[in-house]
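Novice: Sequence:
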Amino acid sequence: MVRVRFAPSPTGPLHIGGVRTALYNYFFARKNKGKFILRIEDTDQSRYVSGAEEYILESLAWCGIQFDEGINIGGEYGPYRQSDRTGIYREYINILIQKGAAYYAFETPDELNQIRKEYESRGETFQYGINNRMNLKNSLSLPASEVKKLLDTSHPHVIRFKVPEAKEVTVNDLIRDEIKVNSIIIDDKVLFKSDGMPTYHLANIVDDHLMKISHVIRGEEWLPSLPLHVLIYQAFDWEVPEFAHLPLILRPDGKGKLSKRDGDRLGFSVYPISWQDPKTKEIYRGFREDGYYSEAFVNMLALLGWNPGDDREIMSMEEMIEAFDLKDVHKSGARFDPIKARWFNHVYLQKRDIKLVAQEFKDELSKVNINVTLEEAVFVAELMRERVDFVKDLVTEAIFFFKTPETLDPKAIKKWGTDNSAQWLKDILLIINDIEPFDSEKIDEALNNYLKEKNVKAGNFFNTLRICIVGTSKGPHLSTIMQFIGKQETINRIERGISYFE
RNA sequence: GGCCCAUUCGUCUAGUCGGCCUAGGACGCCAGGUUUUCAUCCUGGAAAUCGGGGGUUCGAAUCCCCCAUGGGUCACCA
10 MVRVRFAPSP TGPLHIGGVR TALYNYFFAR KNKGKFILRI EDTDQSRYVS GAEEYILESL
70 AWCGIQFDEG INIGGEYGPY RQSDRTGIYR EYINILIQKG AAYYAFETPD ELNQIRKEYE
130 SRGETFQYGI NNRMNLKNSL SLPASEVKKL LDTSHPHVIR FKVPEAKEVT VNDLIRDEIK
190 VNSIIIDDKV LFKSDGMPTY HLANIVDDHL MKISHVIRGE EWLPSLPLHV LIYQAFDWEV
250 PEFAHLPLIL RPDGKGKLSK RDGDRLGFSV YPISWQDPKT KEIYRGFRED GYYSEAFVNM
310 LALLGWNPGD DREIMSMEEM IEAFDLKDVH KSGARFDPIK ARWFNHVYLQ KRDIKLVAQE
370 FKDELSKVNI NVTLEEAVFV AELMRERVDF VKDLVTEAIF FFKTPETLDP KAIKKWGTDN
430 SAQWLKDILL IINDIEPFDS EKIDEALNNY LKEKNVKAGN FFNTLRICIV GTSKGPHLST
490 IMQFIGKQET INRIERGISY FE
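Heads up: the first sequence at position 213 corresponds to 222 in this note's numbering, and the numbers run straight through without jumps.
Calculated from the structure, these hints are not laboratory results.
Dumping the calculated BS3-like pairs for lysine-lysine here, alpha-carbon to alpha-carbon at most 27 Å: (1) K401 <-> K290; (2) K420 <-> K401; (3) K466 <-> K496; (4) K496 <-> K463; (5) K108 <-> K189.
Simulated DEER-style distance windows between Cβ atoms: (6) N81 <-> K364: 29 to 35 Å; (7) E391 <-> E504: 26 to 32 Å; (8) A153 <-> E251: 37 to 43 Å; (9) R131 <-> S325: 57 to 63 Å; (10) G205 <-> E230: 24 to 30 Å; (11) S325 <-> N191: 44 to 50 Å.
Idealized CB from N, CA, C, for every residue including glycine.
Kindly produce the complete structure, drawing on both the sequences and the hints.
Specialist: This is the structure we're talking about:
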């Protein structure tokens, strides 16, 4: 039975790398008819950020990533919030101590820092482990009586993992195959903190075991601690799950992994939905608020580090689940490309049910105090959507359907205007009144007749007219716009435009 | 610095066990065509000597070794 989990820490908003990890876990669970679990890893109370948990839930929901067990919905392996499981960790750390696989250590953080500095000044790196643990203050080096005394007086202490003697540890990764590490380079990591909470390394493994997780699919940043984790499983005599470490998502320019600063700097989101820092009140933009459809966002994100093995790029959630295989996940990091991200949304916008697009367009318009009927919105959206990537861009691109242009683009006037332009406009004004009904077909007929009669260049003529109607030399078929805004408004705009060409 | 991971067009990538790769697709870019304009759309183009160097082989992007570069990680954070 495949059981996978997504286990974020509620320390802030979920970065798109985290969303992708959740997504791949979800793909894998669904593809293999398994279960997907959401567990909250909040063992570090000092880093807890209020609202982060809700943010995670909302982000996953927006993306259409559904889980089968976890916080809020429960399940038979709960509780799913680590802060609700402290008793369990205590129980298991004691097992490790009894087995001699863990020990008490009495240095304070300050003392440790001091020691690190000393090593550093000698050009060495301090490592609490096999080579020096007998020279440090712990239950391995101190006489039993001394240890007992320290423990009885509640002297602050942590519990460390006792890395077994130096030996080659071979671990397996589904994406990278075998990785060999000598345990001599692994620290005696803290498993239990002096505040009575476990660290990630303990809590994560205990929970994965207790929750019967079959595959641990997580970010590449965890790869260095994989040998330690395997050693802990072995110390417990537990079966080791399968591991898959996902490649990083890199920043579009420069070096390193994507960070929240990149978004601000380069003008795109690195979060699925927007987030306001509760302390600084700073607002981080999100893909949702930037106007992305969640389907486009998810599609784009899934292809950053994975592909179905063929040329398909536009894929639904179902198609991706069907095609997903950990073997096709890449080994190297993928640079995030905000321009291609826009393209994905463009494609989804074109495919979307026009009624939905129109309703969204209508809502956007009402935000700028333009109220239209759904029919009008459908008409304009159908005409204009191929020109934009986002519905909200429709507002700026199609504003001339609803409002008289504020100014007429001088550049366009310079390019298309002629000495005759003003006269053409005056002539058209006379013709236009007689066009009945005032529809696209009749308008075209009248304008083309005029064109033929006067023998003028179509480009200059139509653009002169267009600049008056639209404000600049672009947009869909002119007579369609004129029909939409109606005869009177057309006349008004032309009258207003004449002076620009004189 | 130690350890680990990675390395195909600017970017995302295809490339089953070495031959069909004079390296394919997509985004972006450029040109032409369609369009009364702009955009869309269509067609075409430039774009990777497969990080470099050695091998193995009749033959290597694909196997082996070395090097370089990039990244990750070295907390009582996850």
